[in-house]
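Next come the chains, spelled out residue by residue.
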Amino acid sequence: MPYVTSVLQVTNVGALTSLKTNWNDDEKRVNAEKFIQKFFSKVKIPRYDAYFLFPKGSHICIRQTTNNEFLLDCYSNKLKKCTTDFSHALRRLRSISPFTIESVDFESEATTLETALYETLISGGALLFVLPLLVEKLVPVDYRLTSYIVAALLYIIGVTFYSWRKTD
Amino acid sequence: MSKRGQEFESKVASELRKSGFPIKENVRIGKWEADLIMETPGKGAVVFEVKNRNVGIPDVLSVASMANNMSGSFTVTSGTILTTAIPTEPVLETAADNGIAVWPIIENENVTKTFTLLGRISEIELQLNRISNENNIHEFINGLALAKKLHNQNIIDDEIFSRIQTIVDVRNKIAHGQVLSNDDLDSAIDNCEKILKKLSH
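Heads up: the protein sequence lines correspond to chains A and B, in order.
For the first sequence, position 134 matches number 127 in my numbering, and the numbering has no gaps at all.
Whatever position you read off the second sequence (first residue = 1), add 412 for my numbering.
No lab work stands behind these hints, which were simulated from the structure alone.
Among these hints, one or two may not hold up.
Covered stretches of chain B (in silico footprint by chain A; criterion: 3 or more residues with CB under 8 Å from a CB of chain A, positions within the stretch not fixed) [unchecked claim]: (1) 476 to 487; (2) 500 to 511; (3) 536 to 543.
Positions of the beta carbon are idealized from the N, C-alpha and C atoms, including for glycine.
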C-alpha cells in the first residue's frame, strides 16, 4: 500500500491544537485502523490524535509529537490518490496554522501482479496485441496471425513479470 | 530506490557480512520486499530494512508485517530498521509496540563494531524467543518483559539477566542517536558473546 509520511514543524501551534477538540472521532478512527490493518496485517496500529478521510479515499492520520511538531501519515491503496490527498491535507492545515515541513517521505509496497498487468497493457502491450490483428486482416498469410498473437502474449507476460519483480 | 539509498544498502550488507553474518539481499516476503535478511542457525531470521532517510510509522508497520509473515517459514523472526536519521519518539514507540528495533547508523570510525553489536543483539533476541517457545519479539524490546519472565521462571540466571539489562541500555542509547566509544562497543559485544554462549548451553 502506498503511503506518505512527514514531520511538520508548526509555528502557530495554538491554531492547530485548538482544532484538537474536534479530533476525537471514534468512527473515523475505527475505519482508518481497519483500513491500515488490511495492508499491514498482524501488527499493532499506533494511536493517532486525529483521523481524516479525504476525497480520494486516503486516510490522513495526525499525531502531535512535541509542542510544535506534528507527524502526518497518509495511507491509501493508490499512490496518486495518496499524493493528491496529502497535498490537499497540507493546504487545509496551512490555512489553519502556518507551518514548515521538516521532511516528507514517499513509500509504496512492491507492485502486485494485477497492477503490473494493468501498467503493461496501458503502456503499449495491448497495442502490440491489436496491431497484428489489423495487419493480418490486410495481408492474410498462414500462421502469421498465430505467431503475432503468441509474440504479443509473450511480450505482455514478459513485461508484466519484469515490472512485477522490479524493486520499487 | 535512489542511488544513494542503494549505496547505503550495499554498504550495510557488506558491513554485516564483514562481521560474519550471512546476509541475503532483496528478498520477497508476501507482498513486500525486504532489503536484507540475516538467517541464523536453528531457523531464525531477522528482516533488515535500510532507509537512507527519516523513518515513519508506516515503515515500522511494514517491517513488522514482514517479520510476522516470515514466521511460517522460520521458527523465530525479528525485524530491524537501519536509518541514517535519528528516529522520532512516536516511531520508536510504535517500533517497541511491534517488536521492531530502529538503529540510526551514524558515520564514525566504529561503524563496523556497531554492526557486529547489531548482529549479536539480533541473535540474542532470536535465542530468547526460541527458549521461551513463543515467537514474541515484542517483550524483549518492550521493557525487558520476556527476559524478566524467563528470569522469574529460573530459565535464565541472574548473571545473564543483568547482562541483558546492560545490552538493552546500550541499544536504547544507540536508538536515540548517541555515538558509543570504542571501549563501550567492545564491552557490549563481549557481553553479547557471553550471553549467547550461556544461552546456547
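*What hint numbers does the structure not satisfy?*
3
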